[in-house]
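A.B. asks: Residue numbers (this note's numbering), protein chains in the order written: chain A, 1 to 113; chain B, 114 to 224.
There's no promise every hint is true.
[To be verified] Derived DSSO-like pairs: lysine-lysine, alpha-carbon spacing no greater than 30 angstroms straight-line:
| no. | chain 1 | residue 1 | chain 2 | residue 2 |
| --- | --- | --- | --- | --- |
| 1 | B | 183 | A | 2 |
| 2 | A | 70 | B | 170 |
| 3 | B | 170 | A | 42 |
| 4 | A | 56 | B | 116 |
| 5 | B | 183 | A | 42 |
| 6 | B | 116 | A | 42 |
| 7 | B | 183 | B | 116 |
| 8 | A | 2 | A | 56 |
Hints in this document: simulated from the structure, not taken from any laboratory.
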Amino acid sequence: QKEVEQDPGPLSVPEGAIVSLNCTYSNSAFQYFMWYRQYSRKGPELLMYTYSSGNKEDGRFTAQVDKSSKYISLFIRDSQPSDSATYLCAMRVGETSGSRLTFGEGTQLTVNP
Amino acid sequence: DVKVTQSSRYLVKRTGEKVFLECVQDMDHENMFWYRQDPGLGLRLIYFSYDVKMKEKGDIPEGYSVSREKKERFSLILESASTNQTSMYLCASRPPVGEQFFGPGTRLTVL
């Protein structure tokens, strides 16, 4: 069983829809949670970075962490065609040098005009 | 802005060739990482380094080596390239505390 599970999709939504992307994990020691966006043939870019449980909002994006359920989510409001990309969740136990990220497989999202 | 650059966006090599992939970051980060990304397998860590001349194996180090002679530069070496090393290679860097940033990637094809 993978340490981080993420539905690879593909997910297709109409423009303006609310998108919900999710990951579950098994390691209760994870404390730092990230979402990356990756456009085709490009490197991942960091979207959201959160510590422990709770919500974080940045414009149209909201990241939620529920450590009791070992579940993280990324919500995209008023989705745009430019949001079409693969979204990767990632998490880490600590912040010490050498600590490693564990990634989900990524969810491919298409927002249709 | 943090900048992580990789020496090539696209690279085509022949089986058996020695291949060097270079990564440079300009933010004085201690930690640097090499991943490969394949459809259905996601991102897999090959090697990482937390200091100059230090290296640690990741999940799939076989067939690869690395070099970190200077803090800003982390090189991935394929000693004898094989077709199963055709992949997207991603470099990343991170300070001791904070966010991890990726380079644009090198798409390597081994014929």
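A.B. asks: Under the criterion that the straight-line Cα-Cα distance not exceed 30 angstroms, is the pair residue 170(B), residue 42(A) satisfied?
C.D. replies: 25 angstroms, holds
A.B. asks: Hey, residue 116(B) versus residue 42(A), does the alpha-carbon distance stay inside 30 angstroms?
C.D. replies: 14 angstroms, holds
A.B. asks: For the pair supplied as a hint, residue 2(A) and residue 56(A), confirm whether the alpha-carbon distance does not exceed 30 angstroms.
C.D. replies: Holds, at roughly 26 angstroms.
A.B. asks: Would the pair residue 183(B) and residue 116(B) pass a check requiring their Cα atoms to be no farther apart than 30 angstroms?
C.D. replies: Holds. Residue 183(B) to residue 116(B) sits at ~16 angstroms (cutoff 30 angstroms).
A.B. asks: Has the given pair, residue 70(A) with residue 170(B), been kept, meaning a C-alpha gap of at most 30 angstroms?
C.D. replies: Holds. Residue 70(A) to residue 170(B) sits at ~28 angstroms (cutoff 30 angstroms).
A.B. asks: Verify the proposed pairing of residue 56(A) with residue 116(B), using a straight-line Cα cut of 30 angstroms.
C.D. replies: The hint holds at about 25 angstroms.
A.B. asks: Holds or violated: are the alpha carbons of residue 183(B) and residue 2(A) at most 30 angstroms from each other?
C.D. replies: 35 angstroms, violated
A.B. asks: Holds or violated: residue 183(B) with residue 42(A), Cα cutoff 30 angstroms?
C.D. replies: With Cα atoms ~26 angstroms apart, residue 183(B) and residue 42(A) stay inside 30 angstroms; holds.
Hint check: a violation occurs at hint 1 only; the rest are consistent with the structure.
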